[in-house]
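Listed below, chain by chain, are the residues.
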Amino acid sequence: MSHIAVFRATLERELKLLARQKADWVNPLLFFIIILTLFPLGVGAKPNLLREIAPGVIWIAALLSVLLGAERQFRQDYRDGVLEQLVAARAPLLGYSLAKIAAGWIGSGLPLILVSPLLALFLGLSAEALLAVVLTLLLGTPLLSLLSALGAALTLSADKGGILLALIILPLYIPLLIFASAAVEQAGFGLNYQAQLAVLAAMLCVALALVPIAVQKALKLNVG
Amino acid sequence: MFKWLDPYAKPQVLFATLLWWQRGLMPLSIVVLLLGTIWGLGFTPADYQQGDSYRIIHVHVPAAIWSMGVYAWMAIAAFIALVWQVKTAQWAIGAIAPIGAVYTLIALFTGAAWGKPMWGTWWVWDARLTSELILLFLFLGVMALQNAFADRQTGDKAAAVLAVVGVVNLPIIHYSVEWWNTLHQGATITKFAKPSMDPSMLWPLLICILGFALLFGALTCLRLRTAILQHEAHRPWVRQYVEEQQDAKL
Chain A
1 MSHIAVFRAT
11 LERELKLLAR
21 QKADWVNPLL
31 FFIIILTLFP
41 LGVGAKPNLL
51 REIAPGVIWI
61 AALLSVLLGA
71 ERQFRQDYRD
81 GVLEQLVAAR
91 APLLGYSLAK
101 IAAGWIGSGL
111 PLILVSPLLA
121 LFLGLSAEAL
131 LAVVLTLLLG
141 TPLLSLLSAL
151 GAALTLSADK
161 GGILLALIIL
171 PLYIPLLIFA
181 SAAVEQAGFG
191 LNYQAQLAVL
201 AAMLCVALAL
211 VPIAVQKALK
221 LNVG
Chain B
1 MFKWLDPYAK
11 PQVLFATLLW
21 WQRGLMPLSI
31 VVLLLGTIWG
41 LGFTPADYQQ
51 GDSYRIIHVH
61 VPAAIWSMGV
71 YAWMAIAAFI
81 ALVWQVKTAQ
91 WAIGAIAPIG
101 AVYTLIALFT
111 GAAWGKPMWG
121 TWWVWDARLT
131 SELILLFLFL
141 GVMALQNAFA
151 DRQTGDKAAA
161 VLAVVGVVNL
171 PIIHYSVEWW
181 NTLHQGATIT
191 KFAKPSMDPS
201 MLWPLLICIL
211 GFALLFGALT
221 CLRLRTAILQ
231 HEAHRPWVRQ
241 YVEEQQDAKL
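So the sequence lines, in the order shown, correspond to chains A and B. Here the numbering used here is used: the first residue of the first sequence is 1, the next is one more, and so on. Here the numbering used here is used: the first residue of the second sequence is 1, the next is one more, and so on.
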């Protein structure tokens with residue numbers, strides 16, 4: 001089987017699963033919304049303060065909600081032996097990994113992008129900043145999905161997977177967080193933020209080329 | 001080159017070689033570090049602006065430089081472990097990571113102690129400080145991942161993948177001072193330009209940097225030898241070695 005055939009078959013299956021197990025994409029979305037709701041309650045309903053911290057808040061909420069679903073990304077396939085069969089059959093794991101990452105993004109990244117304009121309004125962001133939020137999420141959430149898939153693949157057979165996954169992946173999220181929230185902040189001041197977007201796009205390109213290879217390697221060594 | 005390097009992948013050969021290196025490096029590093037720190041702390045002139053408190057540079061800068069250098073070496077070992085499946089390179093990751101974590105801690109701690117009198121604060125969310133902190137998390141993450149598996153070999157390999165991925169952070173730390181113009185100053189010593197530091201202060205600093213490198217080498221030899229003994233405990237040559245050691249003690 002070629003990479004593309006495996007990619008297509010896996011993606012099709014994952015999308016079917018997403019359509020049938022709605023909790024898989026609804027829960028991270030609800031989590032995202034609830035975190036954003038907690039901030040005005042926690043720091044007080046001060047519009048100016050909220051507007052100032054909004055870029056960071058939105059991005060941290062996005063990081064956490066993507067991370068939330070990450071642990072389960074390969075777990076099911078590992079437990080019921082699908083992965084083992086794929087490795088035993090020498091099926092191209094690269095296509096499988098890419099399909100898993102794409103499905104992960106559709107399940108946890110895409111919904112965030114779709115509701116983010118609404119939430120940015122809650123936090124009192126201007127129209128320019130709102131556009132920047134959507135653009136950075138569009139470039140950034142695939143990167144989040146790539147890295148969280150790597151973390152999930154690395155900790156697949158570990159004893160305490162969940163917390164370890166957060167420990168090893170969150171440090172890698174930091175550069176993304178810095179550039180994304182800087183872009184939104186610049187946009188809030190009405191400044192040009194193309195440079196930050198270009199850096200985000202560059203990071204996405206590099207990760208898209210290299211992370212699936214690492215994911216494939218990590219899956220193989222966990223299956224043994 | 002591979003013909004020449006190949007025998008060293010064998011644990012027993014490597015063990016003997018490391019012992020040889022360790023015997024040389026350990027005393028040498030202590031002598032060099034003593035020379036550098038005594039010269040730097042006692043015999044260099046005080047800074048015209050910072051007075052005597054700048055002397056912490058002789059610990060801070062070498063530790064900071066080598067926190068990244070150690071990571072680079074760990075990543076090289078991880079790369080060798082992944083590509084050529086060399087067992088001893090896998091063990092080297094676990095041997096090197098704690099050394100790097102301690103170097104990073106030293107750099108952060110001395111930086112905070114230096115920042116208090118000079119910047120008036122222990123900690124700022126400056127680009128270089130933050131990325132050095134991330135480096136510490138990366139070292140800790142590699143160590144945590146390595147110990148998280150019931151099967152030790154899976155842990156070694158997973159840690160290797162993470163170590164290679166984490167390399168992206170090295171250029172970020174290095175260039176952070178130029179990209180974000182924040183509180184931490186730029187590099188004082190570069191390879192190409194004339195250093196912006198008087199030779200009387202520069203020499204002890206360079207000696208300290210060398211000393212930290214030698215100490216890293218010596219500690220790596222020591223820790224890797226221990227790792228080899230642990231992993232190869234079931235082999236006859238290890239048993240023989242341990243018995244010889246016990247006989248020598250009696």
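For the record, the hints were derived by calculation from the structure and aren't laboratory data. C-beta: ideal position from N, C-alpha, C; glycine also. Among the hints, erroneous ones may be present.
The calculated EDC-like cross-link candidates involving lysine to aspartate or glutamate, where the alpha carbons are at most 20 Å apart (straight line), are [stated by the list, open to error]:
1. Lys220/A with Asp151/B
2. Lys22/A with Glu71/A
3. Lys160/A with Asp247/B
4. Lys160/A with Asp77/A
5. Lys22/A with Glu12/A
6. Lys87/B with Asp126/B
Derived contacts from chain B toward chain A, CB cut-off under 7 Å, selection only [said to hold, decoys possible]:
7. Ile134
8. Ala148
9. Thr154
Results of checking the hints against the structure:
1. Note on Lys220/A and Asp151/B: the hinted pairing holds, with a Cα-Cα distance of about 14 Å set against a maximum of 20 Å.
2. Note on Lys22/A and Glu71/A: the hinted pairing holds, with a Cα-Cα distance of about 17 Å set against a maximum of 20 Å.
3. This hinted pair does not check out: Lys160/A and Asp247/B have alpha carbons roughly 43 Å apart, beyond 20 Å.
4. For the proposed pair Lys160/A and Asp77/A, the alpha carbon gap of about 18 Å is at most 20 Å, so the pair holds.
5. Proximity of Lys22/A to Glu12/A is assessed by CA-CA distance (about 16 Å); at most 20 Å being required, the pair is judged to hold.
6. The suggested pairing of Lys87/B with Asp126/B is violated, with an alpha-carbon distance near 39 Å, which exceeds 20 Å.
7. Below 7 Å, beta-carbon pairs count as interface contacts, and Ile134/B has one with chain A at about 5 Å; its hint therefore holds.
8. Taken as an interface hint, Ala148/B checks out: its beta carbon lies about 4 Å from the nearest beta carbon of chain A, inside 7 Å.
9. Restraint check, Thr154/B versus chain A: the minimum CB separation of about 6 Å is within 7 Å; hint holds.
Checked against the numbered hints given earlier, the structure breaks hints 3, 6 and satisfies all the rest.
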